[in-house]
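J.: Make the complex out of the two chains shown on their own, each in a separate frame, by following the hints.
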Amino acid sequence: MRTGIQWTGTIPANASGRWFTFGWPAAQHVLWHLMPTTVRGGGPALEWDVAVERANQNQTTYWITVRNLTPVAINFEGRYVVLP
Amino acid sequence: MATPITLVDSVRAGEGAGTGAGAAAQALGGSAQRSPGAQRIEFNGGQSVLVDTTSSQGRVWAQVLESLGRNGQPAYIEIDPTDRSLTRLLLPLVVKVVAIQPAADGVEVELEISHARHVLRNSQPEYQRLLAALQAAKAAATWVAVTETPQDHEIFDVRPWSAGAALAGQADPAAPADSANPAVPADEGDSGALALVSLAQAQRMFDLMNNRVCCPAGASSPCITFGYPDDGCWGRAHEMWRLMALEGVRADKVWIYGGLRVATRNHPSCEVRWGWHVAPTLQVDLGGGRSGTYVIDPSLFPGPVPRATWAGVQGDPAALLVPSAGSVFHRSRSGVVTLDPSYSETNMVLNRYRNDLRLRATGSNGPPPYLSCIPAEPGVQFRGAVPAGATHTWFTFGWPANWHVLWTVMPLTTCPGAPALRWRTRVERASTTAATYWIAVTNTSSAAVRFEARYQVLSR
Numbered sequence: 001m002r003t004g005i006q007w008t009g010t011i012p013a014n015a016s017g018r019w020f021t022f023g024w025p026a027a028q029h030v031l032w033h034l035m036p037t038t039v040r041g042g043g044p045a046l047e048w049d050v051a052v053e054r055a056n057q058n059q060t061t062y063w064i065t066v067r068n069l070t071p072v073a074i075n076f077e078g079r080y081v082v083l084p
Numbered sequence: 001m002a003t004p005i006t007l008v009d010s011v012r013a014g015e016g017a018g019t020g021a022g023a024a025a026q027a028l029g030g031s032a033q034r035s036p037g038a039q040r041i042e043f044n045g046g047q048s049v050l051v052d053t054t055s056s057q058g059r060v061w062a063q064v065l066e067s068l069g070r071n072g073q074p075a076y077i078e079i080d081p082t083d084r085s086l087t088r089l090l091l092p093l094v095v096k097v098v099a100i101q102p103a104a105d106g107v108e109v110e111l112e113i114s115h116a117r118h119v120l121r122n123s124q125p126e127y128q129r130l131l132a133a134l135q136a137a138k139a140a141a142t143w144v145a146v147t148e149t150p151q152d153h154e155i156f157d158v159r160p161w162s163a164g165a166a167l168a169g170q171a172d173p174a175a176p177a178d179s180a181n182p183a184v185p186a187d188e189g190d191s192g193a194l195a196l197v198s199l200a201q202a203q204r205m206f207d208l209m210n211n212r213v214c215c216p217a218g219a220s221s222p223c224i225t226f227g228y229p230d231d232g233c234w235g236r237a238h239e240m241w242r243l244m245a246l247e248g249v250r251a252d253k254v255w256i257y258g259g260l261r262v263a264t265r266n267h268p269s270c271e272v273r274w275g276w277h278v279a280p281t282l283q284v285d286l287g288g289g290r291s292g293t294y295v296i297d298p299s300l301f302p303g304p305v306p307r308a309t310w311a312g313v314q315g316d317p318a319a320l321l322v323p324s325a326g327s328v329f330h331r332s333r334s335g336v337v338t339l340d341p342s343y344s345e346t347n348m349v350l351n352r353y354r355n356d357l358r359l360r361a362t363g364s365n366g367p368p369p370y371l372s373c374i375p376a377e378p379g380v381q382f383r384g385a386v387p388a389g390a391t392h393t394w395f396t397f398g399w400p401a402n403w404h405v406l407w408t409v410m411p412l413t414t415c416p417g418a419p420a421l422r423w424r425t426r427v428e429r430a431s432t433t434a435a436t437y438w439i440a441v442t443n444t445s446s447a448a449v450r451f452e453a454r455y456q457v458l459s460r
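Here the protein sequences line up with chains E and S, keeping their order. 1 is the number of the first residue of the first sequence in the numbering used here; add one for each residue after it. 1 is the number of the first residue of the second sequence in the numbering used here; add one for each residue after it.
The reader is advised that the hints may include incorrect statements.
[Claimed, not checked] Computed, partial: chain S to chain E, Cβ under 7 Å:
| # | residue |
| --- | --- |
| 1 | R129 |
| 2 | L208 |
| 3 | N210 |
| 4 | A420 |
Quick caveat, the hints were computed from the structure, so don't treat them as lab data. Cβ coordinates follow ideal geometry from the N, Cα and C atoms, glycine included.
The following block holds chain S by itself, in its conformation from the complex (with noise of 0.2 Å):
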């Protein structure tokens, strides 16, 4: 295969599905041939690349490049110069750099405003280059465009971004901004807000929060990306804010500073590793005049949990806690705050990181949750994943025929608003003694989605 061409370069504003097949000939020089189901993007730069929506992954692709040209946002895309087809799409944060710091195997860089850890290895083979370049961004306070491989943020390319200060404030003109997505006073959002709240209403805002958990193959707005835990907290909390606070309930925030490492299902690698996080508190009645500091944190709990708990599962005895009032956008390890009081920048960091979990669930990887980070469990003889809209069938065998065997599906994959699989259980008598059951799994959504197939013994 050629060696790719690779881009880092913003959509330009208003290409998208529908291009003519004709322009897209003239534009490749009529040396492509383009296959019906492709799409023409174009690139400020005056580049275009084909992509195949024929494909899921295809169609998300050409999705997320059109969610990126209304937000001005840029791509780090490879091409296949034989027929300028789409090879590889992937996000650059588009960041200041904060530190660098020695690490064993190349060095730590911290990037504003991104909470994970991000690494440039010295075995990266343009390792000085790209080292240089994250020195002098850092030495000049400019804006980079930086790209890196998306599970293990692992930096491999870092160029200058002067657009990056236009950046700050753009919202997705898709997301809700206005009337779907009101703002709530800056000043806190507290004016006849409850202060103090029930552990029951503290589940209700929990539970709120949690139903807009995105589907990750099609996560659009309005929904949260707690199935995507790598980056974008900030984004995902200052929603969580502005929605309790619609709800007539204050909430604050905390935030914690460290070498954080959290284990989660949602990555592929059954971790994550930050270097701080935050996340909404509220503050609960306990009773007898005593109260509580609870964190509304779906990214890590399936409920309200003591600021000690959510604190304790982060990997760091010894990071810091900060406290902050819940209008606080972003709070940098020095302590210097920002606001986002039109919730353009709340919006930016959700759509981004949107696009992220579509990249991430149609990748080699497929969606969240990954098996491989899910303990076994009794009563579950088996997990697995069916594509969009196919039927699949899974048997298991030596079951005693004397007992009653019962079997469900449960998805994995949290995907809100439609039925995503059905089953049908049917049986073989292998032996005078044993059954075999086939389980036929059929996914009725258009996205991969992953299952657990459980079983109940009624009787022996």
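Only chain E is shown next, with the shape it has when bound in the complex (with noise of 0.2 Å):
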């Protein structure tokens, strides 16, 4: 199992952004999750889910979609998983 950070980014208060990464090898399980920087108590900050595109026969592009739950601004980490 390998992890990283593929991306850091900001999320306006109440917001969501999408971003999209590409060349991923499709033949790989990839997991996406997100982090938050900012420190903010008493509750969730940020939700994500995850969109698929097959770019061509062996590379994949994620398309993951950010949401702010929060009435603040949110930092945070795009960070990845790839399983055995």
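T.: Below, the structure written as structure tokens:
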């Protein structure tokens, strides 16, 4: 298993945004999750969902939609896990 | 159902979406009721047809007919005489007949230009008439419009086509013929170009081409029809040659002639048969003063391959391999060479087979790849398809509840440019020891998508 941070971003208060990351080998099992780096207690800050595009026979593009559930901007990391 | 009216004709230029309902009623003698989503298409011979654009297939039919109209290319259509609706659309080949060879159950017909193997079976009701038409066209070297079944390439309609010569060199105005499709010099396009590349550069060229793959149901310029292996290789090869030249890389080509039979997941029968094939080649520096010829052919391989490997999968050990300059657009079996310095014929070929791919993708077999052609693989629990805009749910049961299992979904239908699928996994505790997973797959695109659902057991 391999993990990493693919990108960092900021999502405005109560907003949603979408990022894409391309060139991932289609044969790999890749999972995506987010981690806020803005500290804010009292409730969840982010939720996300993942959509996938088959860009060609070898490669995949992942599209990650991030929603900020709070009234303040949130910085976050877009993290991946490549399963063995 | 009444016997359909069959027609091979060119779409009247300028006909397309937005024709008025009143005009349609007049053209149809007032006898047909036009549904709100129907689009009327007129043909040069005076016939017209209504296309139901409320269905995905109807929309593609209308788009393909408009494309044919822009190019002056004919359509084979079948019309329901009761309501003038289009019931079948195929794309005839406007070709010359090069050879007619006896086969076990009829004749095999070589058409130019086409690398598919075409057959006229003696079980065909009009076998003798069709054979005579093909023989006459061969003897007189005249153009014919040949229509065949889309999967097996069985000829069932042959008509003289006087406008055949006019089709040559006629590009689709919608295709990027000028600024978006800049020409390179026809004399190899190699001024200052790299004649010897590294394997990494060859891979980069491959990726560049591979990223041009068409979305099956939405194939449009400037995509390349790697997902339609049946025919059109010379157009694909010339477009790749042009693109590589623009990158400063000099490609040549390799032609293979023989009784070729190639396994593919992009044809419903899992293989295609060709009389010949062509692809661009690069001279690759292998180090130590050695070099090798590598073929760039995303219709067959997932990366650049040595020429011998490329030839080896085509099913004929006795096949003849002939290298040529990259600027050669077509090389006949007898060695006659034609060029296409303006890329007008290249664009026409690409456009024609994009339309074939769209028709196949929206037909009864759906888009490639075809699941029966894909072997079972570890980690893949099931494969399926989701229609455009739909959500379908699958379940898989009997999983030990103490296992940690994750699920992902991967599209098999290539369609670059936008996300196609998302999914949601839910779980049911079916017993004290077993779990059932429910995977809901949503297709966010405008065309059907095939996919595989993969699992990973993180711990047991």
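J.: Confirm or reject each hint.
T.: Right, here's what the structure says about each hint:
1. With a least beta-carbon distance of about 43 Å to chain E, the hint placing R129 of chain S at the interface is violated under the 7 Å criterion.
2. The restraint placing L208 of chain S at the interface with chain E is violated, with a minimum CB-CB distance near 10 Å, outside the 7 Å limit.
3. This hint holds: N210 of chain S has a C-beta 4 Å from the nearest C-beta of chain E, less than the 7 Å allowed.
4. The beta carbon of A420 of chain S is positioned within 7 Å of a beta carbon in chain E (closest approach about 5 Å), and the interface hint is therefore held.
Against the hints set out earlier in the document, violations occur for numbers 1 and 2.
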